[in-house]
Amino acid sequence: MVKRDQTVVVRVGGEAGEGTVTLGELFTRIAARAGLEVYTFRTYPAEIKGGQVLFQTRLGVKRVLSEGDAADVLVVMNKPGWTENQRDLQPRGVLVYDPGAVSDPDTQGRAQFAIPAGVIAQELDFARGKNVVMVGALTWLFRLGLDLGRDIVNARMARHGDVLQQNLKALEAGYAYAEAHYPAPFPYALPLPEQFEERLLLSGAEALALGALDGGCRFYSGYPITPATGVMEALAKYLPAFGGTMVQAEDEIAAINMVIGASFAGRRSMTATSGPGLSLMIEALGMASIAEIPIVVVNVQRAGPSTGLPTKTSQGDLFLTLYGGHGDAPRFVLAPDSVKDCYYQMINAFSLAEYYQMPVIVLSDQAMASRVETMPYPESSCGIWSECLERQLPSEAELAKDYRRYRDTKDGISSMAIPGMTGGAYLSESLEHDVYGYPSQTPENHQLMMEKRSKKVEAARRRLAKWDSSARRWGHRGAKFGIIGWGSTRGAVREAMVQLGEMGIEIEAIYPHTLLPMPDRAVMEFIYGKKAILVPELNFSSQFARMISHRYYKQLDAQDIHVHMLAKEQGIPFKISEIYEAALEMVLEEGGK
Amino acid sequence: MSTRKAKDYKSEVKPIWCPGCGDYAVLNALMRAFAELDIPQDTIVVASGIGCSSRFPAFLNTFGIHGVHGRPLPLATGIKMANPELTVVAVGGDGDGFSIGGGHIPHAARRNVEIPYIVMDNSIYGMTKGQASPTSPEGIKRKASPYGTVEAPLNPIMMALAYEATFVARTFSGKLKEMVEIFMAAIQHPGFAFVQVLSPCVSFLDTYAHYREITAPIPEDHDPTDLLAAMRLAQATETLYLGIFRCMADRPGYSRRFQEIQSAVHPMTVPEVMDRYQR
Ligand SMILES: Cc1ncc(C[n+]2csc(CCOP(=O)(O)OP(=O)(O)O)c2C)c(N)n1
Ligand code: SF4
Ligand SMILES: [Mg+2]
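In order, the protein sequences belong to chains A and B. Anchor point for the first sequence: position 178 equals 252 in the working numbering, and the numbering is continuous, going up by one each time. Anchor point for the second sequence: position 211 equals 216 in the working numbering, and the numbering is continuous, going up by one each time.
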């Protein structure tokens, strides 16, 4: 009963703090080790313990594009896990459950697999291990192999005392129970590939951190905030091994100022935060812009405003990142659209920051940061998806005589001396300044310096037009209908487009990876000749659609192209069906395909 | 023998300060301290916030960074951590350091980051034309406090001692020679060195005469490793003691600590890190 696309959606529902996420993660890792592609999604309650969590993993024989909609297999560890998720179990799905927690679930004819995980764990005198018992049962049902299960438990579970041994026993007991009671083939077991390439299994947060290391990051300062903390934790671990430093700051204002200081002193430096932290950083971001100091700021978006929904996803910070701050403060904004892309865009972020001496904001979100995806090993740091650029240092001739840090140049880029360089001493100024860095308030100088700084954005726009990675375009070339989006919504859009294609609807999509500067040429080519475009995004006020409508109003007006807004701000990602239906509606409204 | 003279640290920019402003003495003293220690200009960074006093780096020909209001400490910390070889000095005013940026002092002290922090305390907001600051005497009347302030002034030396900063000193713009000595000691201190300079604002709160009257050197028998003795001296209000209240050189500085971690950790390459994430 596995669908034609050879993917299976497994959803796990249970109590937070009771190992529900561990259950999902262990199972996902075993499946990945067995050669399947994986793509996960999770929501947490804001509480540390208690509250329902949901963990969804989609397994596939080929690359998986999104977490999927309805569950094929629902695994529940407690009563609410069943009541809250039953409507999302597809009509031919199956339920795997602990009868000790949910008695006689009414699955309306759908197959049931009862695994008394709680009782089995109790018999092992290891009540906490019921989630691992369930992992063992799933390992049998999906025929992933007990040895792989053991490997993963060995590698991932705590090693202190005899906990590891107990977990292994729990796994084996669950496996044995399922094998004895459900020997028939499991309807959703996928064929396992005999040969497969090595893959990385990374969360979005880890991909950001590893990309940063590859991009040369050697200083990080940050303040803990969900859902960005994973970036800090990964870099805290690895930076010292690269001669780098991670400082946990007293607040986000300190964090970004340390990052500015470290970069001024010559290190590639970054911070990562979420909305509330970015709000605090905005003043210093403007300073990095006027003083022309390269920094990278990752914003893992969560749902706002204010403290909002701290553990839920959103794309509501677009305007803040593009326009936040006083005065005209040039910056770059990058928007990776997959875990893999997070890696490459971090390399690009450092290249752009260093080369153009500007702040770069990388936009991710809770869903993309906390999900885990299989991805191929990155080919090389500076491959097709990224370009490695360096900060321009002053030449000896420049240093020997009359060094001007903020010299006006054709592309606005002036060489940046590093403390310690003989002859390089200069003043890095947050006040408007002259070519030496000394404060200057004349109208002519202010005009000149505003132009110098904004020239860098234009120079970058020209360079980016040549980057493959500045926008991703796919689908039916030249179709009358289009979808423009950004960031993590791409997975659902890709799948919806496959379904639309099966309906005979021709449609194509474009996902810019640099939102500032926008890859105008690519977008204008894309919209040319369209009847209508759909702009799906996870915020309340259609920020991206407004930006697109405003920026390309001439082209849109002249060709009478309609912009259809699809905004959703509920703290959860798009379902494939939501994109599919909105696109279908657009096509019908505009007079068919 | 030092080969550098104080004037070798001067930039061509003329200070914007009012004639008689206490900050001139601080500038002269710091240049002299640099010269006495013979530190090459290109290896010094002076980081500041915003205010009259924070204009400081522009008047030096060392590296300088004039940041946003209240943040010279995190700026300087980032610089020092990026390159511990540099001499990094943080400077600012009382509004900059004790009001908007007050949250950073305890953390600079906890970290014991190797930075001298010179606060030019004029007990007023000079740059914004004379509002009360965190160290203004209670009851001062200004345009923004027409009925007199009702907040008690804070005691910066007590504050720094309470955070157990490893070097705590006070000096006065009227005592140039002593100031130079304190700056030299602060620059050489292997940790966070907090220096309050009583630096009068002649335009909005002229305290020269008052300070001349009530300041006195710290008694010679004071033991700078005795925290409680330092606190007793700091609490005296009739007399404002000048000198080094506390100096503890045994705790290693922040950048040293990180260098120890770095040398204890096995170096890695990016592919090696990736292998840890193999499925
Ligand atoms: C975020 C922010 N808020 C307010 C100001 C306005 N401002 C500039 S200087 C200053 C006070 C400076 O006082 P202090 O640090 O004591 O320096 P002084 O001028 O007395 O030397 C203020 C409030 C600012 N520049 N930035
Ligand atoms: S206003 Fe006061 S602090 Fe500012 S320069 Fe003049 S005297 Fe100095
Ligand atoms: Mg002041």
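You may find that some hints are simply not true.
Derived lysine-lysine pairs resembling DSS-like cross-links, with alpha carbons at most 27 angstroms apart [unchecked claim]:
| # | chain 1 | residue 1 | chain 2 | residue 2 |
| --- | --- | --- | --- | --- |
| 1 | A | Lys526 | A | Lys554 |
| 2 | B | Lys146 | A | Lys475 |
| 3 | B | Lys19 | A | Lys475 |
| 4 | A | Lys540 | A | Lys475 |
| 5 | B | Lys10 | A | Lys475 |
| 6 | A | Lys554 | A | Lys628 |
| 7 | A | Lys475 | B | Lys182 |
| 8 | A | Lys540 | A | Lys136 |
| 9 | A | Lys554 | A | Lys642 |
| 10 | A | Lys484 | A | Lys529 |
| 11 | A | Lys649 | A | Lys529 |
| 12 | A | Lys649 | A | Lys628 |
These aren't lab readings, by the way, just hints derived from the structure by calculation.
We went through each hint and held it up to the structure:
1. Lys526/A / Lys554/A: violated, 40 angstroms
2. Lys146/B / Lys475/A: Answer violated: Lys146/B to Lys475/A is near 51 angstroms, above 27 angstroms.
3. Lys19/B / Lys475/A: holds, 21 angstroms
4. Lys540/A / Lys475/A: Measuring from Cα to Cα gives roughly 36 angstroms; hence the hint is violated.
5. Lys10/B / Lys475/A: holds, 21 angstroms
6. Lys554/A / Lys628/A: holds, 18 angstroms
7. Lys475/A / Lys182/B: violated, 35 angstroms
8. Lys540/A / Lys136/A: violated, 30 angstroms
9. Lys554/A / Lys642/A: Given that 27 angstroms is the threshold and the Cα spacing comes to 24 angstroms, the pair holds.
10. Lys484/A / Lys529/A: holds, 8 angstroms
11. Lys649/A / Lys529/A: Violated, because 41 angstroms separates the two Cα atoms, which is more than 27 angstroms.
12. Lys649/A / Lys628/A: violated, 32 angstroms
Hints 1, 2, 4, 7, 8, 11, 12 from the list above are not met by this structure, while the remaining hints are.
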